[in-house]
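> Residue numbers (UniProt numbering), protein chains in the order written: chain A, 1 to 409; chain B, 1 to 253.
If you are wondering where the hints come from, they were derived from the structure by calculation, not from laboratory data. A virtual CB, placed ideally from N, CA and C, is assigned to each residue, including glycine. Hints are supplied without guarantee of correctness; some may be wrong.
[Said to hold, decoys possible] Distance ranges between label pairs, derived from CB positions:
| no. | chain 1 | residue 1 | chain 2 | residue 2 | range |
| --- | --- | --- | --- | --- | --- |
| 1 | A | K199 | B | D218 | 46 to 56 Å |
| 2 | B | R50 | A | D179 | 45 to 55 Å |
| 3 | A | R112 | B | Q138 | 41 to 51 Å |
| 4 | A | L105 | B | P96 | 28 to 38 Å |
| 5 | A | Q241 | B | D88 | 43 to 53 Å |
| 6 | B | Q138 | A | R165 | 26 to 36 Å |
| 7 | A | K367 | B | R89 | 36 to 46 Å |
| 8 | A | K240 | B | D88 | 25 to 35 Å |
| 9 | A | F257 | B | L98 | 29 to 39 Å |
[To be verified] Covered by chain B, according to a simulated footprint, are these stretches of chain A (three or more residues, beta-carbon under 8 Å):
| no. | region |
| --- | --- |
| 10 | 184-191 |
| 11 | 213-227 |
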Amino acid sequence: MGGLKIMAPIAWRNLWRRKSRTLLTITAIAMAVASLIILGAFMRAWGGSAFDRTVEALTAHGQIHAEGFLDDPTVEHAMPQPAGVLLDVLSGQSVAAWTPRIVALALIRSERESAPIMIYGIDPKRESAVSFLKPNAIDGAPLTSATSKGLIMGRSLADRLQVERGRRVVISAQDENGDIAEIGVRVTGFYKGQPDLQKYAVFVSLKEAQALLGLEGEVSEIAFLAPQRDGINVAIEDLKQAAPDLDIRRWDELQPFAKAMIDLAEGANLIWIFVSFVLVAFGLVNTLMMAVYERMREFGLLQALGMKPVLLLVQILVESVYLVVFGALAGAIAGAVTVNAFSGGLDFGHLGIGAEMFGVSQVLYPKVSAAEITVACSIVIGLSILASLYPALQASRRVPVDVLTRAQT
Amino acid sequence: MKKLACLILFGALSASPALADPDPAEIVRDAIDNWRGTSSYIEQTMIVHRPEWERSSAMVSITRGNKDALVRFTAPARDEGNATLKLDRDMWVFTPRLNRVIKLPASMMAQSWMGSDFSYDDLSKTDALLTDYELSIQTTEEADGHEIYVIEAVPHDDAPVVWGREVLRIRDDSVFLERDYYDQTDQLVKRMIADRIGPLDGRPYPQEMRMVDVEEEDHWTLVVTQSGKFDVEPPSFLFTQSNLRNPRDWSPR
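Just chain A, same shape as in the assembly:
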């Protein structure tokens, strides 16, 4: 311990004997830490965004259907509107928001074209709390209540049908008796984004869809959100207890493909982060080793003057601890500041639809995470100390005469 006491100030002074080298090393470490923090934050934002996109694209955190609906989405597999215990759980603590929907395969027709669609009867107020279908996501007049008239479709479907806002389209579907039910509805608005849904998802009010299909008082789907992502399982457990004979599924069971994509993205993130760690570590080791080898002659001289090899080792280690701690601190601050600068959203608008194809929104919102900073710092500090240990050991083991004669600088 006494050695450390002597060596600490000596190491400190040593650092500033060659300012440029010290600053260079500190900069290298700071850059490593900062890049890890920034990269991590963006990757997390990307992965989170893919999840959010899946959730808001009607999937929500989970859905409730009548048994059999998912295999055969027809009117026979409708269920009564939630009541009793189920309604209590839905409006309770474990569920943040829920919305009832009618979902049915249908055909839409304009004067010149027709297309198969999925028709959704929705309660606009509840829906806007659960999915992307909020009033500000709609060009034109949004549906205002569960009984309002009008129809919201995607722009790409509208282009295919050659319809504009205000035009009447005809929806036909099979009603409860297996007969063809038809209704004429005016297009009141178009929703933005959601390139996948745009092609087939069409929204009318819950009442209108119930009337068309003869499903008064019934719904085909209930979508719900848990208060947080890690509360989903609790919500599902509660709901399953309240409605044991209904089919209640989590988002990743409903969208296995999206789940696989997100897992893949997160897996790729880990690999990417690992690779950049290795690259940064090698750069760091190189810098530190060079810094020690450069000073072999000095170490030899100190030993020749009677310094114990252990103390020499301690000195070099203390120097690197100083270096990496300063470097890591500076890096953490730089990283956090950079990420914070983009916390208002990083707009990938110029990638446009391209980004959406990957299931990610056009704007990413990276966030600083204390855990990530701690991990990045401790990994860099640990690696750097290990990296400096090797040249330090070498230096302390060398025979002074050898070093003095050989290391001509």
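Fit chain B to the supplied structure of chain A, relying on the hints for placement.
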């Protein structure tokens, strides 16, 4: 005396608009009835014309009331036996080559019937004019000693109709002369015209009806009526799925 003349004149003035203002719904209903009778047996040829080719086939159509119909193709050999059965709002088609009766799903109702310019809906929804539209007489024209009513049909707001409006021309003896389909920007999309009117089983009848796709040049379908009988009281076995598959011969006496 003067007072009486005034009264008569006044009475004539107030009565005359009532006489000149027939009910458009009644005109349309009469025209549909004239076209179809309470029941009918009609032999027709359908010519589908395209710029590159033309195809003609013969068919027999039998109707009962205003809801049920059976259409069976008799020539050429390629089309022979193809049949369409309509009962109320449901339709079935039979194709001998597949030996199968298929119930038409909603998704097919807007599609072309037998490759012609008629859609299944055109065949199955003639009565929609009376239920889904607001009818009004626009003008009346004079031609060949007949009065022609020009009736505008505007679909009700929530009617399952894609058209913006339709314009019908119906002669005072209940013959359909023309039906124009306008889209919701008031562009003419297709038009059905009676090319030739002649007597059929004692009543004036559009013997040649042409459906023209206005937006595609030289696309039309012509239905020529050779012979026909009305009020034939067809037996009910005709309008069954089993008869659709295994036709029993029947023609009116």
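> A separate judgement is required for each hint: does it hold in the structure or not?
Tested hints:
At roughly 33 Å, the beta carbons of K199/A and D218/B sit outside the given window of 46 to 56 Å. At about 35 Å, the beta-carbon gap between R50/B and D179/A misses the expected band of 45 to 55 Å. Hint check: R112/A to Q138/B, Cβ distance near 25 Å, so the stated range 41 to 51 Å is violated. Distance hint check for L105/A and P96/B: the Cβ-Cβ separation is about 31 Å, which falls inside the suggested range of 28 to 38 Å.
Judged by the Cβ atoms, the range 43 to 53 Å given for Q241/A and D88/B holds: they are separated by roughly 47 Å. At roughly 28 Å, the beta-carbon separation of Q138/B and R165/A lies within the given 26 to 36 Å, and the hint holds. Between K367/A and R89/B the beta carbons are some 58 Å apart, a value that contradicts the proposed interval 36 to 46 Å. Hint check: K240/A to D88/B, Cβ distance near 45 Å, so the stated range 25 to 35 Å is violated.
Taking 29 to 39 Å as the suggested C-beta distance range, the pair F257/A and L98/B conforms, at roughly 36 Å. Here's how the region 184-191 of chain A fares: 3 of its residues keep a CB closer than 8 Å to some CB of chain B, so the rule of at least three is met and the hint holds. Counting residues of the region 213-227 of chain A whose C-beta lies closer than 8 Å to any C-beta of chain B gives 0; at least three are required, and the coverage claim is violated.
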